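Assemble chain Z onto chain G, guided by the hints.
Protein sequence lines, in the order shown, are assigned to chains G and Z.
Per our numbering, the very first residue in the first sequence carries number 1; after that it's consecutive.
Per our numbering, the very first residue in the second sequence carries number 1; after that it's consecutive.
Note that these hints are calculated values from the structure, not bench results.
The structure presented is a predicted model; accordingly, all values stated were derived computationally and were not measured.
Not one of these hints is a red herring.
Derived list of chain G stretches under chain Z, where covered just means 3 residues or more per stretch with a C-beta under 8 Å from a C-beta of chain Z: (1) 16-29; (2) 69-81; (3) 259-270.
Sample of chain Z residues at the chain G side, in silico, Cβ under 8 Å: (4) His72; (5) Ala227; (6) Asp260; (7) Ser262.
C-beta atoms are modelled at their ideal positions from N, C-alpha and C, and glycine is treated no differently.
2 protein chains.
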Amino acid sequence: MSMSEQLELVSANRSHGGWHKRYRHRSRALDCEMTFAIFLPPQAEVGKVPLLWWLSGLTCTDENFMQKAGAHRLAAELGVAILCPDTSPRGTDLPGEHDSYDLGSGAGFYVNATREPWKAHYRMYDYVTEELPSVVRQHFPLNGRESISGHSMGGHGALILALRRPGHYRSVSAFAPIVNPTQCPWGRKALGAYLGDDVSAWTQYDACELVARGASRQPLFIDQGDADDFLDEQLCPERLEAVCAEHDHPLTLRRQPGYDHSYYFIASFIEDHLRYHAERLYAKR
Amino acid sequence: MSMSEQLELVSANRSHGGWHKRYRHRSRALDCEMTFAIFLPPQAEVGKVPLLWWLSGLTCTDENFMQKAGAHRLAAELGVAILCPDTSPRGTDLPGEHDSYDLGSGAGFYVNATREPWKAHYRMYDYVTEELPSVVRQHFPLNGRESISGHSMGGHGALILALRRPGHYRSVSAFAPIVNPTQCPWGRKALGAYLGDDVSAWTQYDACELVARGASRQPLFIDQGDADDFLDEQLCPERLEAVCAEHDHPLTLRRQPGYDHSYYFIASFIEDHLRYHAERLYAKR
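Just chain G, same shape as in the assembly (with noise of 0.2 Å):
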């Protein structure tokens, strides 16, 4: 194993009878050291199992899913482990990379930058799909079925990894994602510095222009809360819902009566995300 595989225990919690843990690694793809959670159920102690990616939103790391979203009881149930990134790069000191909740750190967006100064860091896209599922393949009891999930940047980061990579994800789902990146400030802000001002090179990031595309039929699961301070100008479900019923790709869009954009939403219906991928994570196919 070379050194850029190995792992750094960080600390390890005994949680619904699996286990949490929490790694340091040196991230090629990111040049720069990156620690992920990752949640065992007590079946991978016995053989191996599925595997949940959780995507967070802004100046989240791997922490704020494993901490608040209730999600460990179901999944040590389902038999299905959860794996959480951290949102961004760390430990570097680019201009301007702390400056601001919603650009640099804790802001990757999920995106391979091709700009100064990101480019050399700001390769999110690649880690997650790349090199971080090559690490955790080496590293833990996986059975190689994989599904995705998040939430507000991480939901759009699930949306635009599953339709981008059709038949890898048995199944994607998202809390409050930004759809449309190319048409909301936070995404414009954040694609704009990352990708330059083509905004051709923007769309290959915006599940409202994939599903547009039809390079993928994977259905789609959202949840959104309608009390949501961020629905307005930076969600925006209802574009998604529009391409997909003009492109007939499947959606089921629910929203959520009286619920905001906390965790406290995600708590309360991620048992449904939950059972939605084990469901398909434990098909036959």
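Same frame as chain G, now just chain Z:
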């Protein structure tokens, strides 16, 4: 309603069909502004519900349990409100108050301090037994039935409150409680500072001492992880086990293999505690 009984809503999150709400109010007992959180289950929209008090541990605020314990799901199902006070007075600046994690802010130990500089503010026993109960009775649809639980310093708080107030709480439980603060470093530091050198004044705040006095027959339900870093030096459940055996006091002490002191431990077993309390809160007697 007097000024001191007014509540200012800090935030509200829909959660599991109920509401998680945080309030600020002026505390007379503590002579400062305090924040608390309450989870109101869906049943509270149509009638009065019983209340579970949760007392948190060192360094915590009203937020830790609400965010990390995964308790809302089952509380919503069972129809139990949950109240989380803060762990000390806030907004004051007494000499040394913010210098260490185990004394002063975040470390009220649920006692009434009698020594300078603490005694003007550090009256958490009065706050959680008198003032805050009166406040929540006025503002929320509660039916008067109460149980209590807590973690670490808050487990100590739950045990001493239940033992000192026989008949008041329908049930008491604790996660990794400090059962014998007069004999462990955390307790001796805090009780010495708040109450002075006369150890006889400390014993009213020590669960082992209270069981030995036989003031209450309240059954005690405790979960303790056997991989808890604080087990041998600070928590010492075997001392409570011995005194309960000697005085024939009902105790259920479960040692949970591999679990540590974290909220992952609490989340793993909160369901058992919520069911235990709900059964007693809803029992006719």
